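**Student:** For chain A, the structure is supplied; the task is to place chains B, C, D, E, F, G and H on it using the hints.
Protein chains: 8
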Amino acid sequence: MELVVYLAGQIHDDWREQLKQLAEQKGLPLVFKGPQEDHDRSDEIGEAIKGTQPSSIYRDHTASEFNNLRTRIWMNKADVVIAQFGEKYRQWNSAMDASIALATGKPLILIRPESLVHPLKELAQRAQCVVETPEQALEALAYVFE
Amino acid sequence: MELVVYLAGQIHDDWREQLKQLAEQKGLPLVFKGPQEDHDRSDEIGEAIKGTQPSSIYRDHTASEFNNLRTRIWMNKADVVIAQFGEKYRQWNSAMDASIALATGKPLILIRPESLVHPLKELAQRAQCVVETPEQALEALAYVFE
Amino acid sequence: MELVVYLAGQIHDDWREQLKQLAEQKGLPLVFKGPQEDHDRSDEIGEAIKGTQPSSIYRDHTASEFNNLRTRIWMNKADVVIAQFGEKYRQWNSAMDASIALATGKPLILIRPESLVHPLKELAQRAQCVVETPEQALEALAYVFE
Amino acid sequence: MELVVYLAGQIHDDWREQLKQLAEQKGLPLVFKGPQEDHDRSDEIGEAIKGTQPSSIYRDHTASEFNNLRTRIWMNKADVVIAQFGEKYRQWNSAMDASIALATGKPLILIRPESLVHPLKELAQRAQCVVETPEQALEALAYVFE
Amino acid sequence: MELVVYLAGQIHDDWREQLKQLAEQKGLPLVFKGPQEDHDRSDEIGEAIKGTQPSSIYRDHTASEFNNLRTRIWMNKADVVIAQFGEKYRQWNSAMDASIALATGKPLILIRPESLVHPLKELAQRAQCVVETPEQALEALAYVFE
Amino acid sequence: MELVVYLAGQIHDDWREQLKQLAEQKGLPLVFKGPQEDHDRSDEIGEAIKGTQPSSIYRDHTASEFNNLRTRIWMNKADVVIAQFGEKYRQWNSAMDASIALATGKPLILIRPESLVHPLKELAQRAQCVVETPEQALEALAYVFE
Amino acid sequence: MELVVYLAGQIHDDWREQLKQLAEQKGLPLVFKGPQEDHDRSDEIGEAIKGTQPSSIYRDHTASEFNNLRTRIWMNKADVVIAQFGEKYRQWNSAMDASIALATGKPLILIRPESLVHPLKELAQRAQCVVETPEQALEALAYVFE
Amino acid sequence: MELVVYLAGQIHDDWREQLKQLAEQKGLPLVFKGPQEDHDRSDEIGEAIKGTQPSSIYRDHTASEFNNLRTRIWMNKADVVIAQFGEKYRQWNSAMDASIALATGKPLILIRPESLVHPLKELAQRAQCVVETPEQALEALAYVFE
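Protein chains in written order, with the numbering used here: chain A, 349 to 494; chain B, 349 to 494; chain C, 349 to 494; chain D, 349 to 494; chain E, 349 to 494; chain F, 349 to 494; chain G, 349 to 494; chain H, 349 to 494.
Treat the hints as calculated values from the structure; they're not laboratory data. Possibly wrong hints are sitting among the right ones.
Chain B stretches covered by chain F per the calculated footprint, using a threshold of three residues with CB under 8 Å from any CB of chain F [said to hold, decoys possible]:
#1 393-400
#2 417-428
Straight-line distance between alpha carbons at most 27 Å, and here's what the computed DSSO-like set of lysine-lysine pairs gives [as the list claims (entries may be wrong)]:
#3 A:Lys374 - H:Lys425
#4 B:Lys374 - B:Lys425
#5 A:Lys425 - F:Lys425
#6 D:Lys425 - D:Lys368
#7 B:Lys368 - F:Lys374
#8 F:Lys374 - F:Lys425
#9 A:Lys425 - A:Lys368
#10 F:Lys425 - H:Lys425
#11 E:Lys425 - D:Lys425
#12 B:Lys425 - F:Lys425
#13 H:Lys374 - F:Lys425
Since this is a predicted model, take the numbers as computed values, not measurements. We treat Cβ as the ideally placed atom computed from N, Cα and C, and that holds for glycine.
Okay, chain A solo, but in the shape it has when bound:
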């Protein structure tokens, strides 16, 4: 039975690609979905579809209409959500996706470096699993199929 995994979180390295390769190596029947990983594309998508907006605040608002559309559709399909937090940026989108997983009964695997233990402590306490690397998250999914 195939599982759909939503990969929330930072888009500043290739951790999603790594996960996909590991899953393939292990032959796990996983389908991965996630946000737009091209940062510029995700910022400009609103104006790309709806045309120039009157200011950057409206440009951002409009981009979010489409980023959220994407996220909501795939989150609704997901059987499990992995959210990775890193040192850079505030990553409120990752926190949003992770929290919506909590509230809708989708098991959440949280990946965070030890340095983020304190600021993420409440979110971590409600996650199903807390690990430090994408490899560990994949091992967790592999365990589901053992």
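**Tutor:** Chains B, C, D, E, F, G and H alone, transformed into the frame defined by chain A:
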């Protein structure tokens, strides 16, 4: 992964056909469902199945039993709802489908001409995306698969 | 036991006031809530709180943030929803409130003149009760307490 | 009718106190709940109840058990959630509370300075209202009672 | 803490009155709600509110709009549902109320004479309690407060 | 897209078989599920699995464990429910299945002869469609695919 | 604001009484509900209401109808659930109440001695808080009101 | 139509293997899922993924993160849950899975020896079916496909 799209809204031009062709051109795995587009058929379906009714009010009531059956079944299956509003008619069915999408957590893409901004403002504010043309709605769905 | 009644619908005559007086005359333990009835106030509330917006489309969007806040809070509290439709305007807000009642299991009483039977037929078919006047809606509520 | 308002967000100035005073001045029937505002107390509550833990990571985990208990109980009771974001800290708790409000159908009022428009854009797009100051949030609640 | 009890079922003897008196004697904090017990009134309520209908089938349909309004409002408020079945009539309303209790997580107490064991066996198997008399149902409620 | 149809109701003629043949003739992608149609088998299934019970009341109770298991599994899978009522028997199982469809948002098609209009009036008023024959129910489903 | 606390778990010492006294001493607005604490009464309640049953298995079944009625009503009302496990007995009722709290979004405080860490580890991992004594559970509730 | 069956319960004999073979012999379209059956693996999985923990209590906590991940994912997919209880151990995991099935509307088949009737009586009373052997559970599933 295939997505089911419910196309609510006016049935007075071929916008659904346009959307389907665009989706096909782009190779998007979308299945489209929607209301009965033959207006006469949708008005007469009640009497076609249950026989002549005592007055036009009951004729309408009976037709709605079957129109609503159709809508509810496909709305339940939909991953995303597109509702298009136009200048003509009151389109309370479109508003109903759009609002039920809101209330049941299905992402809603609202299509409306600029002239309808004011009367649709509350519905638009709660929609996931608001655009002006079917082409833009399709671009939004294409973005989901990027 | 007190019931909370949300009065959706047109704000162009004093039907809400009538309903309240009738309820008081009959001694029914009803608490009425509803949208902002001062039309200008409801259009300007966004700019009143957040300041001038760059265009009328954003003015409308911003007003709707607060009109929807109000509606959602009281709709969440309501035990029953009454939606009145009239000849004037498109009343998509009324359709939205009525439809959200349907989708969230709140019994809906629809008030509409005979002239609107046809365009409202699908919404009417799913309503719990369909009547033509506010007095009839109140009689329906009185029956609940008999 | 009394409304319960959950005040999520930063605990580094007295904005909650301000809101309460404004509500009292206006005579609004609002009951405010929120997280533990004494930062040290919220960090030490786990060890205060359960005793010393083997390391800071477990100290944090244990504190979160009780902070989340508090938040979940009052969030469940809330009719509306206000989340304020500020420049300092990552405020992932605020994002969690705000997002759980989204996912559970509780109207969300987001307060954020203009400088945070970009990083909060997806969360803002799904909020019911977005304002810049606690005073505006209170005006929004006052509008609900007009 | 007061509990709301919905008394579904036959309206052909005074079993509801008996239950209320027993509850009062025992000092139990129970509020009882139920359908219209005046059979003629329940059959004529549609025409009483909406005027004469074109045939008995529409007369029945219209009466049901208001009977169902009443039932839905009080069932939504109920903490526990008691449904009594008797030898006479088919009592599909009672079966509807009992089954909706099952589907919405409201504990159901079923009262039925031994003669109805066989035809009610599937409904009984899913009820929370099955007894033969209203007195036993009241004892069950008294036990809740012990 | 295939739809799953649960056929609740009487098991005393071959109406299910008729429906299946009509669906096949029309090439409709429908999968039909329903209760055990062999009446004796449905009465004895409890003792067939669990052995002799101490009395007929327990025999009935035990049979219902397995009949309800079957019904609950297929009802959970169903996209639409058809319930047919006839003159014979009390058919409280049919009423239970129909009512659970109402309460769980599954569209209900009710089939009943004119003679049962009065006793079924409240259930009929909440059904999505009310018809008199299985052929009409099938036409309703065919309309969904037009 | 008053909170309702369901006290699941063993009935072999006076821990509930202790909790109530502590809550009173601290002036916490807590209402406590729980199962029947008189063990014999809880075993005999079925026969007390319904008369002698054919065997001990049916005696147990019948008692459970009423014990579960009580539990379900108060669990539905609870804002928070405390479940205490002890060395004696298997306490599957406590596990049932605790797990239903998990599945219905009610925050769960688990009390268990260190000796039960291993067998309760999965339940504990999903609880909101895990403590070792009723006093600690009460401190957790006191923290909610700080 | 294929059904997914979650096999909760003891992992100390090969009852799952027996069930699978019986299902295959009968040609039933069943997919079985369940917990990790290798007891040592299930105890060590936390440290296997996350490394050595500071004490056995944290070792257990960490193992449970992954055991619960597995259970939650497959329980979410299940159409029906079978829980087997035996004489050995306290089996609180089995009770947790069985109870979550109750609370989420998944039909539960409980398998328990006669010796456990009394301690399991409340759980049994809310199960859909109660049997004594895996063979009987399989017969129940076979009946669903008759």
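**Student:** Give a verdict on every hint.
**Tutor:** So, going through the hints one by one against the coordinates:
1. Only residues whose C-beta sits within less than 8 Å of a C-beta in chain F count toward coverage, and the region 393-400 of chain B has 4 of them, enough to reach three; the restraint holds.
2. Interface restraint, the region 417-428 of chain B with chain F: holds (7 residues with C-beta to C-beta distance below 8 Å; minimum three).
3. Our distance criterion of 27 Å between C-alpha atoms is met by Lys374 of chain A and Lys425 of chain H, whose separation comes to about 22 Å.
4. Taken as a hint, the Lys374 of chain B and Lys425 of chain B pair is honoured in the structure, with Cα atoms around 23 Å apart against an allowance of 27 Å.
5. Between the alpha carbons of Lys425 of chain A and Lys425 of chain F the distance comes to roughly 18 Å, so the proposed pair stays at or under 27 Å and holds.
6. The hinted pair formed by Lys425 of chain D and Lys368 of chain D meets the criterion: a straight-line CA distance of about 18 Å does not exceed 27 Å.
7. For a cut-off of 27 Å, the pair hint linking Lys368 of chain B to Lys374 of chain F stands: about 25 Å separates their Cα positions.
8. Between the alpha carbons of Lys374 of chain F and Lys425 of chain F the distance comes to roughly 23 Å, so the proposed pair stays at or under 27 Å and holds.
9. As the CA atoms of Lys425 of chain A and Lys368 of chain A are separated by approximately 18 Å, the hinted pair is consistent with the 27 Å bound.
10. With a C-alpha separation of about 12 Å, the suggested pairing of Lys425 of chain F with Lys425 of chain H holds against the 27 Å cut-off.
11. Proximity of Lys425 of chain E to Lys425 of chain D is assessed by CA-CA distance (about 18 Å); at most 27 Å being required, the pair is judged to hold.
12. Distance hint between Lys425 of chain B and Lys425 of chain F is fulfilled; the C-alpha atoms sit about 12 Å from each other, no more than 27 Å.
13. Between the alpha carbons of Lys374 of chain H and Lys425 of chain F the distance comes to roughly 22 Å, so the proposed pair stays at or under 27 Å and holds.
When each numbered hint is compared with the structure, no violation occurs for any of them.
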